[in-house]
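Novice: If you want the building blocks of each chain, they are given just below.
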Amino acid sequence: MIDAQKAVEDAFRDKSGRIIATLIRVLGDFDLAEEAMQEAFITALDRWPRDGVPDSPGAWITTTARRKAIDRLRREKVGREKYLLLAKEDRGETDDHDMLDNMDESSLHDDRLRLIFTCCHPALNLDAQVSLTLRTLGGLTTPEIARAFVVPEPTLAQRIVRAKRKIKSANIPYRVPPDHLLPERIEAVLAVIYLIFNEGYSASFGPSLIRHSLCDEAIRLGRTLFELMPDEPEAIGLLALMILHDSRREARTTDEGGLVVLEEQDRNQWDSAKINEGTALVERALRMRRAGPYQVQAAIAAVHSEAMAPDQTDWQQIAALYGTLIRMVPTPVVKLNMAVAIAMSDRLDRGLQMIDHLGKSGDLDNYQHYHSARADLLRRLGRHVEATVAYGRALDLVQNDTEKDYLQRRLREVNPA
Amino acid sequence: MKYLCLIYSDESQMGSATEEQIEQVMGAYMQYEQEVSAAGVKLAGEGLQPTMTATTVQVADGKTVTTDGPFAETKEQLGGFYLLDVEDLDSAIEWAAKIPTAYMGGRVEVRPCMVFDIP
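Each protein sequence line maps, in turn, to chains B and A. The first sequence runs 1 to 417 under this note's numbering. The second sequence runs 1001 to 1119 under this note's numbering.
Honestly, the hints are just simulated from the structure, not real lab data. Since this is a predicted model, take the numbers as computed values, not measurements. Treat the hints loosely; a few may be bogus.
Unchecked claim - Below, in silico cross-link-like pairs of lysine to aspartate or glutamate (EDC-like), each with a Cα-Cα straight-line distance of 16 Å or less:
| hint | chain 1 | residue 1 | chain 2 | residue 2 |
| --- | --- | --- | --- | --- |
| 1 | B | K168 | A | E1019 |
| 2 | B | K168 | A | D1117 |
| 3 | B | K166 | A | E1076 |
| 4 | B | K168 | A | D1088 |
| 5 | B | K166 | A | E1020 |
| 6 | B | K166 | A | E1046 |
| 7 | B | K168 | A | D1010 |
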């Protein structure tokens, strides 16, 4: 009895993403698929304790949901054409058994990819892509997503409704994009997953439990994508990057929830299993010889992870990797990071020169990390008066309390008065 | 499915275009016309005269009120359209991206047409 209930819960947690992916293809409608799946799970709660848990719970739910959908269409007498089509499929050659036989691993595999690419379709706005992905693929509930992104629940629900409506009315195709569209569409999928991760990783708001669940969810999605597209080096790179960042989860926050900068983290708290996994993934991706920004960022994170103390960091290698990254994404922030890496590889003056040069464009004037990085180098060079001014600018811009404490502490070092 | 591609650009820039630039735009549109017709996806397509020629019409209490000018004053104006019949939004986006204005500084809005279920 309890086992049956647990089996339903397990099936929901582990299989609902796959089931919904197949149902959307078969039924051609997100809402209908969701409702039918829900009904099927409710039926399972009633039946499984009595009749026993089926051999293949996922297939049982899928078949039951499909029947429920047909019933519903019949009752509502809407979508007559669709009903006739499904009813026809339900009889004759394609009875349920055949359908389940046909649902081999490769078609299930494709269904999940279809769902990922549809949820992350660039014709949907980014918020909608993120919400829909978490809701359908991640299996997070609407209230959970709303809490994680600190938006009112009705707003979030509305966002999902609108996205589903647009998919339907604008006829966004439910498919894996053809080869000529694939590169940019993969980029969009990776961006959504990374955004989910970063929301969880760097958000300075919300209870840590919810933030962690976003990181876990993003990594889970990353693993799914890796499983589905094992030959896509950037997908592996992203997964590696997330796992390597996540390896510092314990060390990067204080008991009070404040952020601890990399240099000050207790490296004994880094998760070595995650570091090993992440590093192995980076190496695997780089061996494919199609480098991309996620792989390079993951490689940078891996180099940081190798150092058991800050002064053991191989800054030269990091600077070289940033040099590669700049050619791919020539943004001021990447240039700033490269300058810092150069400074830290025993070329403080050169790094500071580069930072000052970057500052001339004015693009980074309101970027706190520009001022704090500059202040840090000035402090290391013993130029305390200038460092004081730069820490002051960074403090004007800082939002996070723990970072503020850190900057104030550094400021007192260079300006004890 | 039918999609209307609405072509928006800054008309004021057209006045200052050189003959060479105009030729370039026309050439690009002629090529697009050929492509879109050959693929059999074009249902209709027209270029529009500038918004200074527009008249906006509204009927209130049975009385027709006309206003000189476009419905909304915007930075970029509707300058033409294509009505395409393609499989799905991806295909519509691909065709929209090939409309010369889309890569010559303007923008194209893609709108799916309503589908009415006829019993």
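Novice: Do the alpha carbons of B:K168 and A:D1117 lie within 16 Å of each other, as the hint requires?
Specialist: holds (15 Å)
Novice: Do the alpha carbons of B:K168 and A:D1088 lie within 16 Å of each other, as the hint requires?
Specialist: Since the Cα atoms of B:K168 and A:D1088 sit roughly 10 Å apart, the hinted pair holds (cutoff 16 Å).
Novice: Under the criterion that the straight-line Cα-Cα distance not exceed 16 Å, is the pair B:K168, A:E1019 satisfied?
Specialist: violated (44 Å)
Novice: Would you check the hint for B:K166 and A:E1046, treating anything up to 16 Å between C-alpha atoms as holding?
Specialist: violated (27 Å)
Novice: What's the verdict on B:K168 and A:D1010, does the C-alpha distance respect the 16 Å limit or exceed it?
Specialist: violated (32 Å)
Novice: Quick one, are B:K166 and A:E1076 close enough, alpha carbons at most 16 Å?
Specialist: violated (25 Å)
Novice: Quickly compare the C-alpha distance for B:K166 and A:E1020 to 16 Å and report which way the hint goes.
Specialist: violated (41 Å)
The structure shown violates the earlier hints numbered 1, 3, 5, 6 and 7.
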